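Visitor: Based on these hints, arrange chain E on the given structure of chain U.
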Amino acid sequence: MAFTEVAYKALKDIVGEDNATNDPALCQAYSRVQWLPGGVLQREKCGTNMRPACVVMPGSTEEVQSIIKIANRYSFPFIPRGSGFTFQAFPTQDGTIVIDPKRMDQIIELNEKDMYAVIEPYVSFVGLQAEAMKHGLYTPTPLAGSQVSCLANYSWHGAYGNSWITGIGAQNLLGFELVLPDGEIVRSGSMACPGAGDFWNDGPGPDLRGFLRGGMFGHAGGIGMVTKISCKLWQWAGPEVFPTEGNANMKFSGSLGENWRWFMIKFPQYKYPEEEKKELEASAELFYEMGKAQIAEVATHLAQQFLYTYSSVTKKDLHDNIKNDVFPHSYCVVGLHAKTNTSQLDYEEKVLKAIVEKVGGVFVEEDEPAYQVWIKRAANEWIRFGNAQRLARPSDNFSIGSSNVDSIDSIVYEISESNAIGRKALEEEGLGKDFVQPLSVNGGWISPQEYGYWCLHTTDVFPEQAVDQCNQAMEIIGRCAKSQFERNSAAKAIHLLGPAYDMFGPMVCNIHHYVKAIKREFDPNNVSNPGYATTPDVMPEEEWKKMMGIL
Amino acid sequence: MALEKIEYDATHCQRCSTCKWSHLWEVKSHRFARNCPSLVYGKFDSYAAQGKNDIATGLLNGELSWEENKDTLLDIIYRCPVCAACDVSCKRVMDLDIIGVLDALREEACEKGYGPLPAHKEFIQSIMNYDNVWKQPRSRRAGWAKKMGVKDLSKGDETAEVLYYVGCTYAYKPGMDSVPKNTAVILKRAGVDFGILGAKEICCGGIADNVGDKKSFEEIAKKNLELFEKIGAKLIVTNCPGCFMTFSEKYAKMQNINTSDLPYKVMHSTQYIEQLINEGKIKFTENVDMQVTWHDPCHLGRRGEPYTHWEGKRVQFGLTEPHREMNRGVDGIYEAPRNILKAIPGLKLVEMERIKEYAWCCGSGGGAKSAYPDFALATAKERIEEAEATGSGTIVTSCPWCESNLIDGIDGIDSNMKVEDILDLVMKAMGEDDE
Chain U
827 MAFTEVAYKA LKDIVGEDNA TNDPALCQAY SRVQWLPGGV LQREKCGTNM
877 RPACVVMPGS TEEVQSIIKI ANRYSFPFIP RGSGFTFQAF PTQDGTIVID
927 PKRMDQIIEL NEKDMYAVIE PYVSFVGLQA EAMKHGLYTP TPLAGSQVSC
977 LANYSWHGAY GNSWITGIGA QNLLGFELVL PDGEIVRSGS MACPGAGDFW
1027 NDGPGPDLRG FLRGGMFGHA GGIGMVTKIS CKLWQWAGPE VFPTEGNANM
1077 KFSGSLGENW RWFMIKFPQY KYPEEEKKEL EASAELFYEM GKAQIAEVAT
1127 HLAQQFLYTY SSVTKKDLHD NIKNDVFPHS YCVVGLHAKT NTSQLDYEEK
1177 VLKAIVEKVG GVFVEEDEPA YQVWIKRAAN EWIRFGNAQR LARPSDNFSI
1227 GSSNVDSIDS IVYEISESNA IGRKALEEEG LGKDFVQPLS VNGGWISPQE
1277 YGYWCLHTTD VFPEQAVDQC NQAMEIIGRC AKSQFERNSA AKAIHLLGPA
1327 YDMFGPMVCN IHHYVKAIKR EFDPNNVSNP GYATTPDVMP EEEWKKMMGI
1377 L
Chain E
72 MALEKIEYDA THCQRCSTCK WSHLWEVKSH RFARNCPSLV YGKFDSYAAQ
122 GKNDIATGLL NGELSWEENK DTLLDIIYRC PVCAACDVSC KRVMDLDIIG
172 VLDALREEAC EKGYGPLPAH KEFIQSIMNY DNVWKQPRSR RAGWAKKMGV
222 KDLSKGDETA EVLYYVGCTY AYKPGMDSVP KNTAVILKRA GVDFGILGAK
272 EICCGGIADN VGDKKSFEEI AKKNLELFEK IGAKLIVTNC PGCFMTFSEK
322 YAKMQNINTS DLPYKVMHST QYIEQLINEG KIKFTENVDM QVTWHDPCHL
372 GRRGEPYTHW EGKRVQFGLT EPHREMNRGV DGIYEAPRNI LKAIPGLKLV
422 EMERIKEYAW CCGSGGGAKS AYPDFALATA KERIEEAEAT GSGTIVTSCP
472 WCESNLIDGI DGIDSNMKVE DILDLVMKAM GEDDE
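Taken in sequence, the protein lines are chains U and E.
The first sequence begins at 827 in the numbering used here and counts up one residue at a time.
The second sequence begins at 72 in the numbering used here and counts up one residue at a time.
Next up, chain U with everything else stripped away, as it sits in the complex (with noise of 0.2 Å):
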């Protein structure tokens, strides 16, 4: 059966009217992705409309519930989403509807003592931050923007500026609502108990948090819908409004008050690009270092890449600041942040010199060039992610080219291996000549999770959306992999959704059949996103091939 008349009938009936459509022109705004190669590849190579067939605004969970519950009645697939950032949240297949959750938007508890909010699907990073800081708390800000859905990305997997101290998002969430394929709720952690209170995630109900996430193996809306989360809120010393200076065109990082001190860090001793790894593994004993004595509340590494994205204030101004050579090489930035006093931030600045001096790094002085684009106007972007897609401002596309998730010293390796094989295969074959470089091959995102205990990188690739320079970006993206599974590298964290599973999932202990034999059991009409995370079956070669655009 397939989407029909009488299924969209049911569905109005539950959310209204108003809150339901099949117009092509309205369903066309849920029909694309825009960026990553892979998806300009999808579309270009498969021709699939990904246009839904309907999108439906539900405005609580009763409705979510009956969606689904329609959803299994007349096998017509679903997709649940969050702002709509990501390529699992298009449809695969035909007559699939969307659930579009901007009707729920409540922030329904914000809770001080316990510092915890509990949070419908469509509130945001920012709208979550702004209020939590007038409570002197605040959340991670996600690498995708905080005008994303904390719901979502919480519940998926989630990379943080500040995951030094906050880790993933997966960290973070303490409960959820979970509508499952069939229609059935969960409740999971204490919010399984009503009048517990929403404050932790192992109980008293069952922790099913592993049902979602894991690392990058999240269930993308492949599990059913989930609809409420109690998500963890942390101690914030700064200002109670965000600090901002300047207009729209040329926005500085603001004071964050007297609790808050940024560093920048280098190590000029070592030549760049030819020693990178030195500096990286110098990198990863500052970040070690760090961990143990407990300071700061940002450690990140940042390579060329993201310095030069993330600080532009024009596509032009980037190109510049790359022509100007504004960052010779990678730096470590570092962010105190004193919640007890200014003397634990002058304690923490005078342990931080003591470490830098021990591994032979050098503080970026205020008048450097590095210091002036980056602190002056980046900084805060690790507080709060406002500027999250100027990733995509070096060509108008971008894609992850490796990512792992492993301990500071395998990720600092992953990371000169993954730069390496784009050095190569530049030099040598010329892939990526037309990308924006060096930034496609002096890449390198280090980020430690919770005081270093582990890690996480990303390197990022810049072709145009041309099919050729992106098919470049996907041999590119294939070979990194590669090595990382033929050297049996830790967790393999290239982000296995959909396909990849068929891809990848033999060689990464064969998880693939671990994800499908939940599908299976928990979305037993296959309507649940499907194609994501993964499919039932396991998929032919051929056929995986051809919905990754290989083919």
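Treat the hints as calculated values from the structure; they're not laboratory data.
Please read all numbers here as calculations on a predicted model, not as lab measurements.
Among the hints, a few may not be true.
Stated by the list, open to error - List of simulated lysine-lysine pairs, DSSO-like, C-alpha gap at most 30 Å:
#1 E:K76 to E:K99
#2 E:K206 to E:K226
#3 E:K222 to E:K271
#4 U:K835 to E:K384
#5 U:K1202 to E:K99
#6 E:K141 to U:K895
#7 E:K419 to U:K928
#8 E:K305 to U:K1165
#9 U:K895 to U:K838
#10 U:K939 to U:K928
#11 U:K1142 to E:K183
#12 E:K99 to E:K192
#13 E:K301 to E:K286
#14 U:K1179 to U:K1118
#15 U:K835 to E:K141
#16 E:K206 to U:K1259
#17 U:K838 to E:K452
#18 E:K305 to E:K352
#19 E:K384 to U:K1142
#20 E:K206 to U:K960
#21 U:K960 to E:K99
#22 U:K960 to E:K413
#23 E:K252 to E:K489
#24 E:K384 to U:K928
#25 E:K244 to U:K960
#26 U:K1142 to E:K324
#27 E:K244 to E:K293
#28 E:K222 to E:K141
#29 E:K271 to U:K1259
#30 E:K259 to E:K217
#31 U:K1058 to E:K99
#32 E:K252 to E:K301
#33 U:K928 to E:K99
#34 U:K1149 to E:K384
#35 U:K939 to E:K99
#36 U:K838 to E:K294
#37 U:K960 to E:K114
#38 E:K183 to E:K293
#39 E:K271 to E:K218
#40 E:K141 to U:K928
Guide: Coordinates of chain E only, in the frame set by chain U:
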């Protein structure tokens, strides 16, 4: 095809949703975090800039057709005040001409014969027949000026340093003639040599351009340009932000020149009065003990920037050749009205959360008020609630469309809020208030 001009911009939208929110560093609350009236009212993403990029892309590549989707397309395209809040947000992260996309969709609708909407056509026809949007006789245009001793420059026997251009709505709309009267009093008190065009004043034509009817716009604009040339206008002062934007930005764009290359200079009355205050020609002698909040009209702010002409193409990486300086909403008129309010003794200005280039639109612009009054009203209500949150009892603005729509919004929600034109307060502070 109008859409071909903006193909790159529409097709390179990353659908990141930045366009749907105020600048994220500026957000002060969950309640007032959004920036797009069209999306808040229409809910579905097609009403956002991201969706309109998808619509333009779909029309360009054949996924959508005008013939099959005309009614919804027109609704999506025109139920939008073209306030440019999306454009400002997007340009923070990308270099895409979002306003160009919105304008091109409207132009394309007209090229296809589907646009503008009947309510817009009525306005445009009225301009053609009566030189004003309100179907009023030309002879009444300067009715407000009777017995005020204002020069009529159109007669050709007098000249003046300043052409005071009144605009259709201030000239004709009942209850609004206090603004030109106040202007004339203030200018006289300041010793300014000024005159008006009297019954010969012609609508600026901005509405025609706003709704995509380029042909009608050009016809009207040419008449005005001839009139300005005939009387030798060097400095035009107007109270209406729509007229201000049209004379400054649209007339330059139509002629493929920069605003700075126009044969005349245009100033909004708030700019001119600020200048007169700074020159000591206007003095505030009376206390005005009230707390107010200022509403930024979009056509004065985000869309009030001077036009910089550009002809070129997108080259590698989407860079432009020659380099194109895009408008980013920052060079509009934001400080002049605030400086006037701050100069008034006893008056306290308390800002709303969304101000200047991030201001929430009143909902009236772009032909929205005439074609979609319910949408315009809902958008105004949102602004009134934001103003109420400041604790002020009065919204001050300087735009006939904003003022009118905000008053309608207040009536609709039974609010005690009042709306005042900034010149009412200037008059009080000058001791010229009749009340």
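Visitor: Now, for every hint given, state plainly whether the structure supports it.
Guide: Evaluation of the provided hints:
no. : hint               : verdict
1   : E:K76 to E:K99     : violated (37 Å)
2   : E:K206 to E:K226   : holds (23 Å)
3   : E:K222 to E:K271   : holds (13 Å)
4   : U:K835 to E:K384   : violated (48 Å)
5   : U:K1202 to E:K99   : holds (21 Å)
6   : E:K141 to U:K895   : violated (34 Å)
7   : E:K419 to U:K928   : violated (37 Å)
8   : E:K305 to U:K1165  : violated (60 Å)
9   : U:K895 to U:K838   : holds (14 Å)
10  : U:K939 to U:K928   : holds (29 Å)
11  : U:K1142 to E:K183  : violated (36 Å)
12  : E:K99 to E:K192    : violated (40 Å)
13  : E:K301 to E:K286   : holds (23 Å)
14  : U:K1179 to U:K1118 : holds (14 Å)
15  : U:K835 to E:K141   : holds (23 Å)
16  : E:K206 to U:K1259  : violated (62 Å)
17  : U:K838 to E:K452   : holds (28 Å)
18  : E:K305 to E:K352   : holds (21 Å)
19  : E:K384 to U:K1142  : holds (14 Å)
20  : E:K206 to U:K960   : violated (52 Å)
21  : U:K960 to E:K99    : holds (9 Å)
22  : U:K960 to E:K413   : holds (28 Å)
23  : E:K252 to E:K489   : holds (20 Å)
24  : E:K384 to U:K928   : violated (38 Å)
25  : E:K244 to U:K960   : violated (44 Å)
26  : U:K1142 to E:K324  : holds (23 Å)
27  : E:K244 to E:K293   : holds (25 Å)
28  : E:K222 to E:K141   : violated (49 Å)
29  : E:K271 to U:K1259  : violated (63 Å)
30  : E:K259 to E:K217   : holds (15 Å)
31  : U:K1058 to E:K99   : holds (20 Å)
32  : E:K252 to E:K301   : holds (25 Å)
33  : U:K928 to E:K99    : holds (20 Å)
34  : U:K1149 to E:K384  : holds (21 Å)
35  : U:K939 to E:K99    : holds (22 Å)
36  : U:K838 to E:K294   : violated (52 Å)
37  : U:K960 to E:K114   : holds (28 Å)
38  : E:K183 to E:K293   : holds (24 Å)
39  : E:K271 to E:K218   : holds (18 Å)
40  : E:K141 to U:K928   : holds (26 Å)
Going down the numbered hints, you'll see the structure goes against 1, 4, 6, 7, 8, 11, 12, 16, 20, 24, 25, 28, 29 and 36, while the others check out.
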